[in-house]
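Q: Sequence:
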Amino acid sequence: MPQQPSPIKDLPTQYHHAEPQRRWYSFWEEQGYFHSEPDPSRRPYTIVIPPPNVTGALHLGHALNNSLQDILIRSKRMQGFNALWMPGTDHAGIATQAVVERRLLQEEKKSRHDLGREKLVERIWEWKNEYEQRILGQLKRMGCSCDWQRTRFTLDPVCARAVRHTFFGLFRDKLIYRGKRLVNWDTFLQTAVSDDEVYHEAVAGHFWHLRYPVIDPRPGEPTHVTIATTRPETMLGDTAVAVHPDPAAALDAAEAELTAKLAETSDKDRAEVERQLAALAERRATVLPTLIGLRDMARAGRLLRLPLVDREIPLVADEWAKPELGSGCVKITPAHDPNDYEVGKRQNLPMVNILNPDGTLNGNAGPYQGLTIAKARERVVADMEGLGLLVEVEDREIDLAHSDRSKTPIEPYLADQWFVRMDRLAQSAMDAVSDGRIKIVPSRYAQGYLDWLGEKRDWPVSRQLWWGHRIPVWYAPTASEADLKRAFADRDDVVWQRDEEGDRWLICAQEEDLAEDALPGHTLIRDDDVLDTWFSSALWPHSTLGWPEQTPELKYYYPTSVLVTSRDIITLWVARMVLTGLNNVGDVPFREVFIHPKILDGYGETMSKSKGNGVDPLDVMDKFGADAMRFALAYLTTETQDVRMPVEFECPHCGKLIEQTKKNRVLPRVKCTHCGQEFSTQWASKPEDAALPRGPVVSERFELARNFCNKLWNAARFTLTKLDAYAAGPVADSELAVEDRWVLSRLATVTRQVTEALDSYRFADAMRALYEFAWDEFCSFYVEMVKGRLQDPVQCTTAERVLTHTLDTLIRLLHPAMPFLTEEIWQLLAVAAPARGLDSPTSAAASVMIAPWPVADLRRCDANIEAQFTGFQEVLRGLREIRSRQNIAPKTPIRFAARCSAETARLLEPMSRYFESLAGAQATVWGPAAAPPETHAHVSLKGVELFVDLEGLIDIKAEIVRLEKERDRLGQAMAVKEKKLSNASFVERAPADVVAKERSSLVDLQTQLAAVEATLAKMAQRA
RNA sequence: GGGCGGCUAGCUCAGUUGGUUAGAGCGCCAUCCUCACACGGUGGAAGUCACAGGUUCGAGUCCUGUGCCGCCCACCA
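Quick note, the working numbering runs 138 ahead of the 1-based positions in the first sequence.
These are calculated hints, taken from the structure and not from any lab test. Since the structure is predicted, the reported quantities are computational estimates derived from the model, not experimental observations. Glycine is no exception: its CB is placed at the ideal position from the N, C-alpha and C atoms.
Restricting the straight-line Cα-Cα distance to at most 20 Å, the calculated cross-link-like pairs of lysine to aspartate or glutamate (EDC-like) are:
hint	residue 1	residue 2
1	1156	1102
2	860	930
3	1029	922
4	925	1054
5	1080	1047
6	809	786
7	736	780
8	747	827
9	1080	1012
10	257	246
11	278	760
12	1115	1136
13	318	549
14	749	786
15	1103	1019
16	794	816
17	513	523
18	312	638
19	693	175
20	761	786
21	266	294
22	1135	1116
23	1080	1106
24	278	268
25	693	285
26	736	786
27	483	457
28	545	496
Distance ranges between label pairs, derived from CB positions:
hint	residue 1	residue 2	range
29	1133	580	35 to 43 Å
30	1105	925	36 to 44 Å
31	638	747	44 to 52 Å
32	747	411	41 to 49 Å
33	594	707	14 to 22 Å
34	504	340	27 to 35 Å
35	340	458	20 to 28 Å
36	386	504	35 to 43 Å
37	823	546	22 to 30 Å
38	1005	1063	17 to 25 Å
39	629	572	38 to 46 Å
40	1137	1040	15 to 23 Å
Whenever a hint applies, use it, and build me the whole structure from the sequences.
A: Below, the structure written as structure tokens:
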């Protein structure tokens, strides 16, 4: 057994989280509770962690993601499943390399080329080792019950083998190919990036209108063609100018569309559409004839002269040119624009690449060679102006593509890349969701998944990086197929394909690298590129289980039970896991996908370190404890998209919270608004700032959960102090007091609610049910009511047993969300009450972690007792209200009469002693005949009129004011009901029970009003 | 341009299939250090449920439209 906490008598009145967290986490690890082995006699429950990037530390989003997974894993483990939570981290190719490269540049003023491939990769491994440890440590501090023995890394040998086999299989099946394509080029990192790694940002720019001369214009023909562009330097790569093949028809189509729109447009927007229609008519008159002329010239094969580089380019007819826009003509730069690229392919145009990988212009740019894009733009514009070919410059806002990683503008760039063919794979992944083999929760996210996959765009998987899985392909530029057959005929782990664009053989090796001299007479050269990070992440659910080996783990744990993630990687990651899983293993990777909310700051902005509004889970855990953090996050996990979390600085001097504003969140030092002292923030760089104590960024949204932890702690502490003479034993129903039956009824309901909520990922519902039961029912009522019996030598035995059992069950239900606190209480309880339970007590498990999940004992659900309690609680509230509004000290006893039906009296009279203990109020009489004392305060409740004897206590004025208010309120309520009941159609059409309910509640209101008026009359006499 | 989510008390959010007088936490006011808990107890004030129509005996809840906030996808010579 681990070191025991303090003796029960010395337990502090506040729960201190730090020490139990350390103590119990190592206890669980030592006991091997986190470890799972395949066991066909038990049902598996498996989750693979979304592997955090080794780029940096975990943020609050990770905390949420992993809290939810641990809640699921821990509850399923308690439910008897063989639960495996597979942990690990992701090498995050481009992100990690970018971080390390940036640091290299800052600290040593070196580029990756100064260091070389091998050295750089070494540096990144060092970084990885450091951050991986940090990340895993954070997960442990959170209490995550991962099977650490199985920890994987996307670049480790097991995962690498899966990557090689996957690539090999796709290559062999012709689902992977190499080709020249226009890609998003990051000129800073000098790699292609996928569309998903690109974001758009509006920047101020210009729209330049340029003229290209027509070669040998015939009479009647224009001498120039006008085009417009936001990127004038790309004209150096132009290989055509396009005009629509049937401009008149295109204008007709545009007009028809606008007319259709006009029909269904509201009056407000009509003017705008009408304006557009007028503009269109104008164009028909002015521009259309020119366009028709140009179209005819294009058909005749007429040429233009591309200025500056003096190249002849054709005028082509292509539908990409929209006659309703600009001049109606468009320049075509196939090598540097995605749309132009398509036009180029359609029209068989040459593709002139004018860029070097570093973003400078190459030899194709003629005199502009060597310039950066920005410089070239200036020069091109100036030179065109010099030639009199610049018509106009407009200011314009441009949505410019940026690389997510380097934050530099993306250039469309023609490069050789590897692609995965998506048609068949994407379809298989779509089918899995459409036919229900995979269920996405909430279901609305399925649409985006299907839409994205439906595009079936090939997946560019090569990256010109050094950190990642290197593509297992070798080139043999001089070899013939006969050479290949000779060398590899007896090897089924080598396959080859013709690379049409490169005019050479591509050789793929399944597992072992090919040596340079593996092909006699030729030197093999390996592809330099590495694979997109998502390629290895896509394999995560099966690679971590040992695929391609048919391991017992793969057979037992796959498909996994659920994937828990956030919505931004549904396409990037979830979809790709599905298609590789189906392709490699032949089955879906998980049965369900749960998409949880995103956490935003108080302004609705995403949290990030670069904004200064990021909350570090470690700071939250330091201040509030891991349990409070986990509970709070789960409590916030509703079905909505986002969760707002106002963020505060915590003053290190006085401990108070200071609201974080957009202003102060970027300051290096902040002055506390409470104590006036200053503290430093993450921006502190100057020594005088850094020397100040650091003020962590936290959020008061965790206070609710922290307070809840404390409440539970104290409820447990109370229970423990009452168990000196505890003896386990069966409890007969006949021994149960009213409050016992009530709390057991509620407990059964809550057990059922929590179990169902967790099963359907309604985390917030589960947490709310637990919070409300624990605080409002168990603590506020049950514990208060049982106090008396605990002091009675006869009644205490049953009371202790029920109290202990209820706490025990509650603790088990709370354990998945609050592992540390519940274990601390569980172990304390083990000392005071080692055997627990009602029907047949058994000795408790060695840890709450492995204790069985409570089963709702529906026999104990008792609607009558719950109704009785509702009445009781109402009377109690009424008595307390009178005490409060009459300003009667809590210790001053009061007496009251309760006028009610005989039936109600039968229910409530037996509870008289609780009115004494909980409200210091003694009942004098119950029933229909109860008469108000001479001087009394009155409160009317549903079915009960309370009269509190106030002889010598009353504050008449206060009472009159209160009663008048009450009279008005009742009057209004009655008016509403009377109106409703006098409405014939309501009485006729509403269900009979609803009408009956309305009638009886009107009677109640009448009774109440009569009593209020009677009291009021009496008061008026005395006033 | 297409799609998704949100708009309920000062703040952050619940509100199940339409059905009594719309709830919680924080904050606020009053009061109490009552022998588990002041990270607590008790009581209180505070809401034309974004707006406009409609369906219905009855709408925070269903339908249509509008506005604002946020997100995603596509496109922008």
